[in-house]
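Trainee: So the chains spell out like this:
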Amino acid sequence: MGGRGLLRYLPVLPALLLLLVFLAGPVFWAFQASFTNTGLTGRNARNPEWVGLENYQRLLLDPVFPLSLWLTVLFVGASAVLGQNLLGLALAVLMRRARRAVSAAVGTAVVAAWVLPEIVAAFAAYAYFSRDGTLNQLLGGLGMGEPDWLYSWPMAAVVLANIWRGTAFSMLVYRAALNDIPTEVAEAAQMDGAGGWKRLAFITLPMIRGSIATNLMLVTLQTLAVFTLIWVMTAGGPANASTTLPVLAYQEAFKFGDIGYGTAVASVLLLIGAVFGVGYIRLLREGKR
Amino acid sequence: MRRPALKTLSLIASALFLLTACTPAAPDDGSKTLKVVYQKTDSFTALETMFQAAKKEFEAANQGVTVELQPIQGNDDDYGTKLALALRSPSTAPDVFYEDTFKVRSDVDAGYLLKLDSHLDGWADWEKFDDGAKAAGRADDGGTYAVPLGTDTRAIWYNKKVFEAAGISLPWQPRNWQDILDTARKIKADDPSVVPFNMYAGKGSGEGTVMQGFYELLYGTGSTLYDEESKKWVVGSAGFKDSLGFLKTLYDEGLAVTPAEALDANVWKKVFGEWFPDGKLGATVEGSYAPSFWQDGGSYEWPGYAQDMAVAPFPTQDGGEPGAVSMSGGWTLAIGAGTKEPDLAFKFLSTALNRDNSLKFTLDSSQIAVRSDVAEDSGYQGANPFVKDVSGLVSVTRYRPATSDYPRISAAVQEATEGVITGAKSPDQAAADYDAAVADIVGGDKTVRK
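Line by line, the protein sequences give chains G and W.
Under my numbering, the first residue of the first sequence is numbered 26, with each subsequent residue one higher.
Under my numbering, the first residue of the second sequence is numbered 208, with each subsequent residue one higher.
Possibly wrong hints are sitting among the right ones.
[Stated by the list, open to error] Short, incomplete list of chain G residues facing chain W, as computed with Cβ under 10 Å: (1) Arg68; (2) Arg71; (3) Gly166; (4) Gly170; (5) Asp173; (6) Tyr176.
[Said to hold, decoys possible] Chain W stretches covered by chain G per the calculated footprint, using a threshold of three residues with CB under 8 Å from any CB of chain G: (7) 285–292; (8) 315–321; (9) 354–366; (10) 625–631.
[As the list claims (entries may be wrong)] To give a feel for the contact side, a few chain G residues facing chain W, derived at Cβ under 7 Å: (11) Phe148; (12) Ala238; (13) Ala266.
Because the hints were derived from the structure by calculation, they are not lab data.
Here the structure is a predicted model, which means the values were calculated and not measured.
Every residue gets a Cβ at the ideal spot worked out from N, C-alpha and C, and that includes glycine.
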């Protein structure tokens with residue numbers, strides 16, 4: 026190695042610096058702010074004090090926190106791990122069998138929701154689920170009841186909206202993965218008399234295991250961080266019924282100006298993301314063995 | 208070996224170039240820039256108009272000074288957040304900005320605002336400002352940190368056509384809460400499809416819930432939110448429970464909108480844009496700025512508003528003194544504590560708030576004038592048929608206790624109303640939860656039972 030070896034790392038230095046400044050920097054800042062009483066305004070904005078674990082103690086006693094934690098798990102589990110992931114896989118598998126025109130039409134429709142900027146998608150979802158929105162007009166036309174989705178079923182509404190918005194990503198990942206499976210393998214299984222379901226379970230899924238783990242990790246982390254969609258649709262309400270951790274962190278830090286407490290919530294969120302990340306990376310390593 | 212090294216060097220060079228391009232170069236030609244930050248929305252462009260005019264006027268009078276206008280698009284909450292974030296760092300802090308009166312004290316505590324006393328002494332126009340409004344820009348140390356742009360009051364706005372149809376004699380003036388309920392029930396009995404009397408509630412409407420709703424009730428019971436003398440927050444008051452009880456009656460009997468509609472942050476748009484013009488709403492508590500939405504160029508133009516609508520002061524609980532309740536807010540202009548050009552910044556502020564610009568802004572946004580020369584202007588007096596009614600409420604109006612704890616307390620009040628109108632809590636339960644929340648926020652020693 027020596028000097029020449031070190032020189033080899035020189036080209037990645039700018040990238041490394043940018044990562045440190047723009048990614049690690051804010052994370053570190055948020056983490057250390059969570060041990061202070063930094064405020065957005067008022068006395069604590071000028072002279073924040075070190076308060077140790079006080080913010081975390083408050084968090085544990087806050088009745089909203091366990092609710093918020095549960096809602097985050099529910100949101101990620103229902104909309105990402107189950108919804109986006111399974112629907113994306115199903116679409117990818119079915120599209121291989123469908124006629125070209127059908128698969129192109131479905132692909133375009135699904136990707137369209139994903140291409141929309143988050144704020145636009147959020148407003149579209151709000152318009153769809155709101156009291157006199159499209160969904161209730163459809164239901165009303167069919168002579169069914171017109172429930173107030175965003176009020177009575179806020180979590181169902183945001184979960185469905187996130188599935189709608191995010192499925193395209195999983196679909197694209199799985200389409201690419203399925204294209205990599207050699208046709209010979211599938212044909213051989215067919216010769217041996219394996220039906221459609223068996224081929225899916227014993228040939229296709231094991232062969233794209235790596236893609237599944239990667240996809241799960243990415244959609245989980247993306248969904249953990251979803252804020253705009255929920256904020257626009259329900260703003261965390263009614264009565265905190267859709268306050269996931271990002272919404273809680275925003276409310277505390279910016280609405281109540283308590284940046285210290287807000288960053289404590291954000292740190293917990295980071296921790297959860299890290300746990301998921303490590304879990305999936307383990308899964309990936311085992312898959313490679 | 209040579210080529211990779213060259214590549215690396217050129218990469219570093221370009222990165223450095225990009226980084227330097229990011230940092231603003233110091234102007235070296237003696238020209239100066241003032242950064243002005245304010246709010247602008249689809250339905251609120253009056254301020255934009257005012258600053259454009261002030262910029263033209265100011266730049267013509269001060270050669271070499273550029274005024275950089277930076278409007279922030281967003282509602283009041285989002286604007287406040289964005290501004291506070293900008294103020295946190297000296298490199299992003301604006302020189303002159305639009306500041307909510309109820310944030311003045313906590314922003315002074317944070318050291319964001321420049322003390323203006325020495326500048327105001329030399330400004331002849333300052334004595335034309337209303338004393339009550341001046342107080343809104345004053346901090347605990349007695350110094351003035353912000354100059355008021357305008358103020359507002361709150362009253363009952365009612366649709367005369369809806370009231371006439373229900374056989375209620377006009378002009379209507381409820382003397383106590385019971386009068387309101389009686390009238391609302393009468394309208395409901397006459398036409399169940401009409402919302403007789405709405406009051407905002409729940410967290411969706413944010414400050415609207417408390418400013419145009421709960422505080423009109425609370426301050427009419429003889430109780431208060433904050434005891435100014437002892438500087439403590441009031442808990443356990445009968446007035447608080449009674450106010451929640453009144454909201455419960457309104458919502459339980461279907462005299463107000465449904466709880467689901469009340470919790471939608473956009474409910475006010477329906478009030479102004481659909482329900483009042485369509486005759487679907489009898490009355491609601493709203494601000495003196497209501498005509499700004501309906502007049503020419505407003506976001507919900509309604510030519511018939513002057514004939515169809517009327518104003519009545521909100522009564523006290525049992526008709527006791529002073530007979531009416533109103534709340535006031537309002538906005539100011541302030542100067543950043545870290546400005547490099549305090550004199551120029553104040554010069555711009557005083558240009559923006561001179562008589563002509565103030566008059567135009569006051570008319571465009573249906574504000575209540577804070578300058579005596581604007582208030583006396585015939586254009587102001589005749590701007591809409593309601594100017595006299597809503598200006599008269601200044602004598603009974605109240606301001607929010609704008610301490611740093613206020614946003615959290617306000618949220619706790621909103622939560623209490625939400626619990627009651629959705630039926631999740633009884634007024635007693637919601638009031639008890641509020642008391643616990645207040646003790647949690649400010650500490651038990653800063654509360655007082657009254």
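Trainee: Any hints from earlier that this structure breaks? Give me their numbers in increasing order, please.
Mentor: 3, 4, 9, 11, 12, 13
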